[in-house]
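Peer 1: According to the numbering used here, the sequence shown is numbered sequentially starting from 1.
Source of the hints: derived by calculation from the structure; they are not laboratory data. Every value quoted in this text rests on a predicted model; they were computed, and no experiment measured them. Among the hints, erroneous ones may be present.
Unchecked claim - Derived DSSO-like pairs: lysine-lysine, alpha-carbon spacing no greater than 27 Å straight-line:
hint : residue 1 : residue 2
1    : Lys210    : Lys71
2    : Lys165    : Lys253
3    : Lys71     : Lys294
4    : Lys147    : Lys294
5    : Lys253    : Lys71
6    : Lys147    : Lys269
7    : Lys71     : Lys147
8    : Lys269    : Lys294
Unchecked claim - Computed spacing ranges between beta-carbons, pair by pair:
hint : residue 1 : residue 2 : range
9    : Gly273    : Thr215    : 20 to 28 Å
10   : Asp66     : Ser117    : 20 to 28 Å
11   : Met53     : Val175    : 14 to 22 Å
12   : Ala236    : Asp66     : 32 to 40 Å
Idealized CB from N, CA, C, for every residue including glycine.
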Amino acid sequence: MNRSILLLCCLLVTTSLVFAQTEDVLRPQGKPGGYKSLGKRSSVIGIEGGINMGFLSQSITPVNPDFPIAKSPEHVLNSGFGIAPSIGLFTDIPLTGTIGIQARFGYQGRTVSNTKSDAIAEASITQNEGLINGSLFTEATVESYYKLVYSSVSVSLLGRFDITKQLFVSFGPVVEWRVSNAERSDRVTVLSPDEVNFTVNYLGESVREKTITRTDTIQQSILPQASYTEASSYAASRVALEFGIGYRYQISKGIYVAPNVRYQYFLTKLTTGFSSLDGSRLFTQGSTQIDFDKASLNHLAIILQLGFEI
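Please take these sequences and the hints and turn them into a complete structure.
Peer 2: Laid out in structure tokens, this is it:
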């Protein structure tokens with residue numbers, strides 16, 4: 001399905017480029033009532049750099065609809081946001097005075113994170129501190145946190161359409177390849193009450209600690225799991241459609257800078273779905289299976305291009 005959509009979009013872009021080029025030949029002075037042709041531009045090569053903002057979303061659904069998933073530490077995984085650097089090379093090849101093809105090769109950092117400070121989980125009272133509510137366990141307010149980091153390279157082939165001599169828009173496909181492990185750092189911390197601790201860490205060892213942490217390269221639930229847990233790997237490559245807008249500033253003869261804003265909608269999901277048990281309130285609420293849907297990670301980039309006419 002994703003490949004069909006991508007092929008259709010590429011066909012539309014190619015058709016529009018050919019149509020526009022033919023139209024300029026038939027009407028060299030421009031459309032009646034519109035602006036005149038700007039004249040064929042020179043080809044351009046250049047460098048670019050900036051930041052990309054990542055937006056992650058993932059549905060988390062409990063099998064038991066009455067389970068309070070919104071208060072679970074696992075709910076931190078339903079979204080994420082992060083900012084990372086981006087650098088690259090580009091070339092712009094004109095087809096007419098107002099239309100061209102822009103090809104890019106880029107290297108990007110990718111990062112997203114999220115914090116949930118109002119989650120509820122059961123934690124043990126420390127030794128010699130007695131009991132609360134006649135139980136060895138009490139519901140504690142905890143903070144759950146994750147951060148996902150990886151690097152990628154990408155290739156883009158886009159149609160460039162000039163609105164004015166300076167203002168232009170672009171549209172086309174992007175293919176991204178992950179070139180590093182996707183590492184996710186997890187942390188869960190007891191915020192209150194003060195006398196409460198966790199009794200097990202991510203290695204399954206008995207502990208009495210306020211905070212448990214881990215770093216791993218698979219997508220999984222954020223709480224320690226004694227059994228019935230699945231893991232999901234991160235996509236090695238992804239395909240996106242990019243929509244962009246930019247503005248050229250001529251700084252000297254044959255040299256310009258062009259700030260760009262680009263949105264990349266990825267047709268390929270970042271992860272596959274998986275299931276786990278949520279036992280964050282095992283003794284007071286019971287446990288339930290929770291299903292993690294495929295995670296989407298899209299990007300908004302703010303880029304500055306430096307172009308040289310050749």
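Peer 1: So, against the hints stated earlier in the document, which numbers end up violated here?
Peer 2: Hint 5 is the one this structure does not satisfy, whereas the remaining hints hold.
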